[in-house]
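Q: If you read the protein sequences in the order shown, they are chains A and B.
At position 140 of the first sequence the residue is numbered 140 (our numbering), and the sequence of numbers has no breaks.
At position 47 of the second sequence the residue is numbered 47 (our numbering), and the sequence of numbers has no breaks.
Just so you know, these hints were derived from the structure itself, not from any lab.
Please note that a few of the clues may not be correct.
Computed list of chain B residues with no C-beta within reach of chain A, every gap over 12 angstroms [stated by the list, open to error]: (1) Leu3; (2) Lys91; (3) Ser114; (4) Val158; (5) Phe173; (6) Arg178; (7) Met191; (8) Ile284.
Simulated crosslink set (BS3-like; lysine-lysine; CA at most 30 angstroms straight-line) [as the list claims (entries may be wrong)]: (9) Lys105/B <-> Lys189/A; (10) Lys94/B <-> Lys184/A; (11) Lys299/A <-> Lys91/B; (12) Lys199/B <-> Lys299/A; (13) Lys184/A <-> Lys315/A; (14) Lys84/B <-> Lys299/A; (15) Lys110/A <-> Lys91/B; (16) Lys105/B <-> Lys110/A; (17) Lys110/A <-> Lys275/B; (18) Lys94/B <-> Lys299/A; (19) Lys105/B <-> Lys84/B.
Interface residues of chain A toward chain B, partial, derived using beta-carbon atoms under 8 angstroms [unchecked claim]: (20) Gly58; (21) Tyr115; (22) Glu196; (23) Glu198; (24) Ile255; (25) Tyr287; (26) Leu288; (27) Tyr290; (28) Met298; (29) Pro302.
All figures in this text were calculated on a predicted structure; none of them were measured in a lab.
The C-beta atom is built at its ideal place from N, Cα and C for all residues, glycine as well.
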Amino acid sequence: MLGITKDIVLRIAKYYLVALILLIPIPLAGDYITHVTILVMLYAVTAASLDILVGYTGRLSLGHAAFFAVGAYTSTLLAMNWGVSPWVGIFLGGLMASVFGLILGVPSLKLRGPYLAISTLGFGIIVWLMLINLDWLTRGPLGIPGIPPLPGIGPIDFRSKVAFYYVALAFTLISIFLLHLLTKSRIGKILMSIREDEDAALSVGVDVPLFKVYAFLIATFFAGISGGLYAHYLRYISPEISTLGESIYILSMTIIGGFGTLIGPVMGAAVLSLLQELLRSYLEYRYLIYGMLIILVMKFFPSGIYGIVQFILRKVRE
Amino acid sequence: MELLEQILFGLMIGGIYGVIGVGLTMIFGVMRLSNFAHGEFYMLGAYFTYTFVTLIGGDPFLLAPLAAIAVGAVGIVINRLLFKSLYEELKEAKGAAAFYFQDLKFIMLTIGLSILFVDLALVLWGPIPISIPSPLTKYIVKLPGDLSFSLARLIAFVVAIATLVGLYAFLKFTKTGRAIRATAQNPSAAMLVGVNIYKIYDITMFLSTGLAALAGGILGPIYNVYPTMGLDVVAKAFVVVITGGMGNVIGSILAGFLIGLAESLGGLFLGTEYKQVVAFVIMIIVLWVRPEGILGGGRK
Numbered sequence: 001m002l003g004i005t006k007d008i009v010l011r012i013a014k015y016y017l018v019a020l021i022l023l024i025p026i027p028l029a030g031d032y033i034t035h036v037t038i039l040v041m042l043y044a045v046t047a048a049s050l051d052i053l054v055g056y057t058g059r060l061s062l063g064h065a066a067f068f069a070v071g072a073y074t075s076t077l078l079a080m081n082w083g084v085s086p087w088v089g090i091f092l093g094g095l096m097a098s099v100f101g102l103i104l105g106v107p108s109l110k111l112r113g114p115y116l117a118i119s120t121l122g123f124g125i126i127v128w129l130m131l132i133n134l135d136w137l138t139r140g141p142l143g144i145p146g147i148p149p150l151p152g153i154g155p156i157d158f159r160s161k162v163a164f165y166y167v168a169l170a171f172t173l174i175s176i177f178l179l180h181l182l183t184k185s186r187i188g189k190i191l192m193s194i195r196e197d198e199d200a201a202l203s204v205g206v207d208v209p210l211f212k213v214y215a216f217l218i219a220t221f222f223a224g225i226s227g228g229l230y231a232h233y234l235r236y237i238s239p240e241i242s243t244l245g246e247s248i249y250i251l252s253m254t255i256i257g258g259f260g261t262l263i264g265p266v267m268g269a270a271v272l273s274l275l276q277e278l279l280r281s282y283l284e285y286r287y288l289i290y291g292m293l294i295i296l297v298m299k300f301f302p303s304g305i306y307g308i309v310q311f312i313l314r315k316v317r318e
Numbered sequence: 001m002e003l004l005e006q007i008l009f010g011l012m013i014g015g016i017y018g019v020i021g022v023g024l025t026m027i028f029g030v031m032r033l034s035n036f037a038h039g040e041f042y043m044l045g046a047y048f049t050y051t052f053v054t055l056i057g058g059d060p061f062l063l064a065p066l067a068a069i070a071v072g073a074v075g076i077v078i079n080r081l082l083f084k085s086l087y088e089e090l091k092e093a094k095g096a097a098a099f100y101f102q103d104l105k106f107i108m109l110t111i112g113l114s115i116l117f118v119d120l121a122l123v124l125w126g127p128i129p130i131s132i133p134s135p136l137t138k139y140i141v142k143l144p145g146d147l148s149f150s151l152a153r154l155i156a157f158v159v160a161i162a163t164l165v166g167l168y169a170f171l172k173f174t175k176t177g178r179a180i181r182a183t184a185q186n187p188s189a190a191m192l193v194g195v196n197i198y199k200i201y202d203i204t205m206f207l208s209t210g211l212a213a214l215a216g217g218i219l220g221p222i223y224n225v226y227p228t229m230g231l232d233v234v235a236k237a238f239v240v241v242i243t244g245g246m247g248n249v250i251g252s253i254l255a256g257f258l259i260g261l262a263e264s265l266g267g268l269f270l271g272t273e274y275k276q277v278v279a280f281v282i283m284i285i286v287l288w289v290r291p292e293g294i295l296g297g298g299r300k
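Please work from the sequences and hints to get the whole structure.
A: Pasting the structure below:
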């Protein structure tokens with residue numbers, strides 16, 4: 001029904017196998033590298049999920065951090081107030097993020113271009129203000145410390161970075177694999193047809209509004225789950241994770257990486273996170289370089305890091 | 001009494017929203033450019049005014065127009081360096097996807113610009129909020145019925161109104177103003193009748209960034225000046241522009257007053273913590289009920 005054959009699954013799966021083998025030994029490099037890699041992976045899934053909207057469906061969103069935050073807060077509050085196991089809570093957080101995705105996605109169906117960008121921006125700011133002002137629930141700007149970690153399985157304790165790393169790795173590879181399959185499926189092709197020409201898609205009988213809502217549901221679900229994992233990993237969250245700056249950070253990973261490629265945003269997440277780490281000592285000038293990078297990439301390499309890598313590979317092959 | 005005071009405050013801040021929003025709506029109407037760095041020109045206006053006051057000396061209200069011209073020149077340089085090639089691509093663009101990619105490029109470029117300017121201000125002027133000294137803030141205007149506010153606020157309001165009226169007259173009655181309106185309506189037709197649209201883009205950029213800078217300069221003595229002040233304003237400016245209909249100058253002016261008033265009254269009735277939400281709720285209602293804006297004329 002989805003138009004995914006066994007052939008496609010096998011062809012894609014081998015890349016993920018290679019990635020798995022390459023990423024398994026990372027914890028040997030020490031706690032710091034492990035920590036940075038975990039954050040990169042959580043951001044990578046969020047940026048890749050945003051790519052379903054921005055790159056594949058042609059729906060620009062400037063509020064994606066809001067869904068990340070909804071997932072994080074949902075799972076945290078469930079665990080701390082009702083004792084729900086984080087394993088379940090993280091999944092419920094993803095669903096809650098999708099509910100919020102519906103709240104944004106349905107009213108904004110008819111909006112395009114800058115109108116959509118600004119309403120998603122407004123939505124993100126509303127979520128941020130809610131997290132700050134509903135302090136009986138969220139403790140407001142103080143944030144929530146002491147979030148319980150993922151409960152251990154047998155002798156494995158997920159408070160250790162190494163153990164959590166493998167959870168994050170499994171989650172990342174499975175999520176991006178699923179998103180990758182989605183883009184190869186019939187749904188993925190329909191989403192791309194909406195991006196290319198909404199009216200033409202409509203005229204050949206595509207239920208455009210329905211598929212736009214699908215795109216929102218899928219993208220926000222994965223952002224929510226990443227948020228949940230983030231909360232139970234760092235064990236502290238605050239409204240800071242839902243700011244406009246954070247949404248822009250995620251969007252720039254998607255776009256600088258190369259939108260509409262899925263793997264590009266993963267590269268974007270890695271490059272921007274590493275840049276943040278490398279420039280940490282140049283605190284004052286960090287954003288100067290970051291802003292300059294966005295401008296240069298958009299001006300000279302609009303196809304992003306993915307495009308640059310492909311260009312180099314093609315040159316090498318010749 | 002508090003109600004009347006809030007209405008007055010709302011109208012004053014609304015005038016400023018109008019000045020900022022008009023600039024944003026003009027660039028969108030003429031160049032189809034959504035400028036997410038618009039707030040940074042407002043911030044630069046405030047810092048330029050501050051620098052002029054410390055270097056030359058004099059009243060910030062007299063030096064703000066000078067700062068506005070300087071920032072407008074920065075706007076022209078950026079327009080030529082960053083956006084000119086994109087306008088040319090946009091002319092060739094065919095199909096919905098091409099327009100989407102252009103919008104995306106414009107938005108990301110201006111976001112990059114905004115990040116860059118905020119950090120530049122941080123490096124040049126430091127992170128600590130400053131206030132531009134003006135003797136006018138000390139004078140208090142008293143109105144009958146216990147109402148009072150500083151002379152600086154009154155002057156800021158008068159400057160805002162005068163600017164809006166002046167801009168309207170410029171667009172309506174001058175030859176350049178007509179050319180700007182023609183380019184907004186149909187760039188290729190405007191070119192056919194001999195309008196140099198790239199010059200018009202430069203002028204529009206100058207006016208737009210200059211107006212934002214002017215607003216920053218005249219608010220500097222009243223509020224604090226800090227590097228991220230533009231980020232706090234840009235979202236509000238977009239709300240004003242959408243409510244007024246993107247590209248609609250009069251709509252933006254009216255929407256500025258509407259949002260200013262609604263925020264002020266919202267703060268009074270709902271409490272200050274929800275004051276910020278009011279503007280976005282209005283925008284969502286407008287987008288839902290009347291996406292072309294309160295006066296219409298906006299492009300979808």
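Q: Okay, which hints does this one fail, numbers in order?
A: 3 and 8
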